[in-house]
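In terms of my numbering, the sequence shown opens at residue 6 and continues consecutively.
Among these hints, one or two may not hold up.
[As the list claims (entries may be wrong)] Straight-line alpha carbon distances no greater than 30 Å define the calculated DSS-like cross-link-like pairs of lysine-lysine that follow:
#1 K166 - K206
#2 K166 - K217
#3 K217 - K206
#4 K53 - K166
#5 K217 - K253
[What the hints assert, rightly or not] FRET-style restraints, in silico, Cβ to Cβ:
#6 R324 - P32: 28 to 34 Å
#7 P266 - E204: 37 to 43 Å
#8 Q296 - Q199: 53 to 59 Å
#9 G248 - T286: 43 to 49 Å
#10 R141 - S261: 15 to 21 Å
#11 G116 - G169: 21 to 27 Å
#12 R291 - E79: 35 to 41 Å
#13 R228 - P266: 44 to 50 Å
These are calculated hints, taken from the structure and not from any lab test. Backbone N, C-alpha and C define an ideal beta-carbon position, used for all residues, glycine too.
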Amino acid sequence: MYAITVREAGGPEALRWTEVADPEPGPGEVLLDVAATAVNRADLLQRKGFYPPPAGTSDVIGLECSGTVAALGEGVTGWQVGDEVCALLAGGGYAEKVVVPAGQLMPVPSGVDLVTAAGLPEVACTVWSNVVRTARLGAGETLLVHGGAGGVGTHAIQLAKALGTTVAVTAGSAERLRQCADLGADITVNYREQRFEDEVKADVILDNMGAKYLPRNVAALNRGGRLVVIGLQGGVTGELNLGQLLSKNASVTATSLRYRPPAEKALITAEVAEHVWPLVTAGAVRPITHQVLPLRDAAEAHRLLEAGGVFGKLVLAVRS
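All chains should be built: construct the whole structure from the sequences, respecting the hints.
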């Protein structure tokens, strides 16, 4: 098969279309013929040498895909060759074939085409596992999403609105904030011009910045608020005012989806298929695709994401 490989850690030019050995499914695994994958910021970090895959998994970049079941490993039940699926991966998505634990497969939501479905697993599982399972966002509460125009952000806006909450977002331009409002965001904050902690008080904050926003996020929490850190774009070491946290009975949690064990990922994907996919089918939560590019053009997709201006997800199709 062909896959996108990294010649050596570096810029987008390090990505190469290369012939590699076909993967083989082991016990409990499924082999997929990949239709498409999608680009995540974690992919940029892995390309630069900062985000290695978990031990024993593919070193090919790619945390999600859609495709067709090509072969079943020993002991796999519930799936058949030819089934159209999407999958949450620990790696390997930028390829024509990928092996995935059977528990991390999900059916393609009704009404979504196979290529578009490639951009759903990572955002849906990230938002569900953090906003719903970890932070317990409930109806009537307020969610603040940093990076509202990104893949995770555009999904979080829609899911939170479907759950009956007020949604606030940060983004860096009036146009991107308008697009977030079109998806349902109630409060929009231009982080270049406004201090979000002066504009919003939230019960749950979904944060992709890490250290840079840590004290400001705590300031923006309501009593009993929950801050969930899922990214470190603003650094890894910050100052935490424990007194302020205690006075609010608030909490800070940091999570990673990629390094969770397969059994935990299987639980998350099962809940997403049960609770989120019906919302997608009903149109309450839509996959937001900025652009579809050929998989061979992964380097260009990385350049686009790094340059900014992408709204939603960049999808890489194996075949045009």
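Do the hints match the structure? See the list:
For the proposed pair K166 and K206, the alpha carbon gap of about 17 Å is at most 30 Å, so the pair holds. Between K166 and K217, the direct Cα distance comes to roughly 27 Å. Compliance with the 30 Å bound is thereby established for this hinted pair. With a C-alpha separation of about 18 Å, the suggested pairing of K217 with K206 holds against the 30 Å cut-off. About 36 Å separates the Cα atoms of K53 and K166, which puts this hinted pair outside 30 Å; it is violated.
Of the pairs offered as hints, the one joining K217 and K253 holds, with about 21 Å between alpha carbons and a cut-off of 30 Å not exceeded. Between R324 and P32 the beta carbons are some 30 Å apart, a value that agrees with the proposed interval 28 to 34 Å. Evaluation of the 37 to 43 Å hint for P266 and E204 yields a pass: the beta carbon distance comes to about 39 Å. At about 29 Å, the beta-carbon gap between Q296 and Q199 misses the expected band of 53 to 59 Å.
Take G248 and T286: their Cβ atoms lie about 47 Å apart, and the range 43 to 49 Å holds. Look at R141 against S261: about 19 Å separates their beta carbons, and that is inside 15 to 21 Å. Here the CB-CB span from G116 to G169 is close to 23 Å, well matched to the stated 21 to 27 Å. One distance hint, 35 to 41 Å for the beta-carbon pair R291 and E79, holds here, with the actual separation near 38 Å.
At roughly 34 Å, the beta carbons of R228 and P266 sit outside the given window of 44 to 50 Å.
When each numbered hint is compared with the structure, violations occur for hints 4, 8 and 13.
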